[in-house]
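Go ahead and model the full structure; you've got the sequences and the hints to work with.
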Amino acid sequence: MKYTEEHEWLRVEGDIIVVGVTEYAVTQLGDLVFVELPDVGRQVSRDEDIVVIESVKAASDILAPLDGEVVEVNEAIVEDPAMVNSDPTGAAWFFKMKVPDTSAVDQFMDEDAYKALID
Amino acid sequence: MDDGTQTIATLPLARAHIDAGARMVPFAGYSMPVQYPTGVMAEHQHTRAHCGLFDVSHMGQVILWAETVEAAARALETLVPVDVLGLGEGRQRYGFFTNDSGGILDDLMIANRGDHLFLVVNAACKANDIGLMRAALPPLGVEVEVIEDRVLLAVQGPEAGAVVAALDPQADDMRFMDVGGLTLAGAKVWVSRSGYTGEDGFEISVQVSQARTVFDALCADERVALIGLGARDSLRLEAGLCLYGHDIDTATSPVEARLTWAMQKVRRPGGDRSGGFPGEARIFKELEDGARRARVGLRPEARAPMREGVPLFDAEQGGTQVGQVTSGGFGPSVIHPVAMGYVDAAFADTDTALWGEVRGKRLPVRVTALPFTPLRFKR
Numbered sequence: 001m002k003y004t005e006e007h008e009w010l011r012v013e014g015d016i017i018v019v020g021v022t023e024y025a026v027t028q029l030g031d032l033v034f035v036e037l038p039d040v041g042r043q044v045s046r047d048e049d050i051v052v053i054e055s056v057k058a059a060s061d062i063l064a065p066l067d068g069e070v071v072e073v074n075e076a077i078v079e080d081p082a083m084v085n086s087d088p089t090g091a092a093w094f095f096k097m098k099v100p101d102t103s104a105v106d107q108f109m110d111e112d113a114y115k116a117l118i119d
Numbered sequence: 001m002d003d004g005t006q007t008i009a010t011l012p013l014a015r016a017h018i019d020a021g022a023r024m025v026p027f028a029g030y031s032m033p034v035q036y037p038t039g040v041m042a043e044h045q046h047t048r049a050h051c052g053l054f055d056v057s058h059m060g061q062v063i064l065w066a067e068t069v070e071a072a073a074r075a076l077e078t079l080v081p082v083d084v085l086g087l088g089e090g091r092q093r094y095g096f097f098t099n100d101s102g103g104i105l106d107d108l109m110i111a112n113r114g115d116h117l118f119l120v121v122n123a124a125c126k127a128n129d130i131g132l133m134r135a136a137l138p139p140l141g142v143e144v145e146v147i148e149d150r151v152l153l154a155v156q157g158p159e160a161g162a163v164v165a166a167l168d169p170q171a172d173d174m175r176f177m178d179v180g181g182l183t184l185a186g187a188k189v190w191v192s193r194s195g196y197t198g199e200d201g202f203e204i205s206v207q208v209s210q211a212r213t214v215f216d217a218l219c220a221d222e223r224v225a226l227i228g229l230g231a232r233d234s235l236r237l238e239a240g241l242c243l244y245g246h247d248i249d250t251a252t253s254p255v256e257a258r259l260t261w262a263m264q265k266v267r268r269p270g271g272d273r274s275g276g277f278p279g280e281a282r283i284f285k286e287l288e289d290g291a292r293r294a295r296v297g298l299r300p301e302a303r304a305p306m307r308e309g310v311p312l313f314d315a316e317q318g319g320t321q322v323g324q325v326t327s328g329g330f331g332p333s334v335i336h337p338v339a340m341g342y343v344d345a346a347f348a349d350t351d352t353a354l355w356g357e358v359r360g361k362r363l364p365v366r367v368t369a370l371p372f373t374p375l376r377f378k379r
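Line by line, the protein sequences give chains U and Y.
Oh and the first sequence: position 81 is 81 in the working numbering, straight run, nothing missing.
Oh and the second sequence: position 303 is 303 in the working numbering, straight run, nothing missing.
Derived by calculation from the structure, the hints in this document are not laboratory data.
It cannot be assumed that every hint is accurate.
Here are the computed lysine-lysine pairs in the DSSO-like style, where the Cα-Cα straight-line distance is at most 30 Å [unchecked claim]:
id, chain 1, residue 1, chain 2, residue 2
1, Y, Lys-378, Y, Lys-188
2, U, Lys-98, U, Lys-2
3, U, Lys-96, Y, Lys-361
4, U, Lys-98, Y, Lys-361
If you want the ones that stay clear, here's a sample from chain Y, every Cβ over 10 Å from chain U, calculated [to be verified]:
id, residue
5, Val-62
6, Ala-135
7, Ala-162
8, Ala-165
9, Arg-175
10, Asp-178
11, Arg-303
12, Asp-351
13, Glu-357
14, Phe-377
All C-beta atoms in this analysis are idealised placements derived from N, C-alpha and C, irrespective of residue type, glycine included.
See below:
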């Protein structure tokens, strides 16, 4: 698993990247009450706002970590945003994207570097 | 307040909050607990189901002394469009300071404690309120005493009555908006049966030197959980209660804000003490002719919350902006987004369909009666 400075995690599955938010991000956000995901098939650019999440108090954006195409989104977290609080790195993944070259994820932090960032 | 040039004050009970795991944030010049480890949602639901304990010591506590409490009441009536003189001993009522153009300078609680009036005002407004009173009231024979050595705690929820009565059974004799003295864990405290959540409960003013003892005694009751500013906001919003600086301010009149229930007949046209407060001309005109806009409840019909600043339109496409959200978020008890705001008078009827623009998209929202949750005061 790799991590961005925006507190997203990335996991490579074949030629697809699965994206979610970290436990730390969820702790900071508080209880989620709303998730809006991008349309499947959308071409996105790195750092583009593609997901909106809202807690009881505030709204935040989630950025596309890389250029690519959204190929699948997790409708379960739209139905039940609280899933993101209970299982952020498992069942509550956000979207899957197809990127030109999955080795692009290597530029992001590994777990040790991410832990150092949030400590 | 948040520009970093002002010092941030520390609550007398800050250590207790930090030890309880509070996340502290700057608010109205104070470092305040915004939430505890269980989070806003759980704190909100605990308050509606059991009993929440809030530290609201940032709020201003002021005593007005005069020859008689009636003299203090008559003097305060020059600043508020409220029947203060008719407030019985041991009773409290809601009111607001108005300005010359009929806007609201602050909202406050006014209590008749027998030989004086006791006021609780908003933290962000207290310096202005005190300045206003110190300019206007001494010439009318009133001494304005600012209370700086007392903590203010709120205990709210359906079990609040039992929690406080377990420490002093006399709490059972108080009903909504009664004020009096109780002895909690050995401390003599000033209490009102009121609050800001829509639930039964008490606000407790206690000397700083005894505050930790009272706080610990309340926390020791297993029905009690600590509640931060985050849940305080969602609780008051569901209860349809205004937040000063958001839902009411110097531009909103009490008529627009639909707070005329707090202006008793005796201060209205034809009353024995009609008028005589700042902004009388505009307020009386709006009482007669209606205001051009009104504060309403708003029920977003999609899942997305509509937060403060969301513009409201009369059509899904095109159309005209007819209002704006002034407070909005998610209602943990009603389990859907909730909001309030101002709309032009023609769109203020319950069930009027409007559209709020969220991130460039017009989403349906319906004008709805307030509150969103039933008020459960002990009348």
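Each hint, compared with the structure:
Between Lys-378 (chain Y) and Lys-188 (chain Y) the CA atoms are separated by roughly 23 Å; this keeps the pair inside 30 Å, and the hint holds. Using a Cα cut-off of 30 Å, the hinted pair Lys-98 (chain U) and Lys-2 (chain U) holds, with the two alpha carbons roughly 16 Å apart. At roughly 25 Å between alpha-carbon atoms, Lys-96 (chain U) and Lys-361 (chain Y) fall within 30 Å of each other, so this suggested pair holds. For a cut-off of 30 Å, the pair hint linking Lys-98 (chain U) to Lys-361 (chain Y) stands: about 27 Å separates their Cα positions.
Val-62 (chain Y), annotated as away from the interface, keeps every beta carbon of chain U farther than 10 Å; the closest lies near 30 Å. The Cβ of Ala-135 (chain Y) lies farther than 10 Å from every Cβ of chain U, with a closest approach of about 37 Å, so its non-interface assignment holds. With a minimum CB-CB distance of about 28 Å to chain U, Ala-162 (chain Y) clears the 10 Å threshold, and the non-interface call stands. With a least beta-carbon separation of about 31 Å from chain U, Ala-165 (chain Y) lies farther than 10 Å from that chain, consistent with its non-interface assignment.
At roughly 32 Å from the closest C-beta of chain U, the C-beta of Arg-175 (chain Y) stays outside 10 Å, upholding its exclusion from the interface. No beta-carbon of chain U comes within 10 Å of the beta-carbon of Asp-178 (chain Y); the shortest separation is about 32 Å. The non-interface label for Arg-303 (chain Y) is inconsistent with chain U: the shortest C-beta to C-beta separation is roughly 5 Å, within 10 Å. With a minimum CB-CB distance of about 24 Å to chain U, Asp-351 (chain Y) clears the 10 Å threshold, and the non-interface call stands.
For Glu-357 (chain Y), the non-interface assignment is confirmed: its Cβ lies about 14 Å from the closest Cβ of chain U, beyond the 10 Å cut-off. Against chain U, the non-interface label of Phe-377 (chain Y) holds: every CB pair exceeds 10 Å, the least being about 24 Å.
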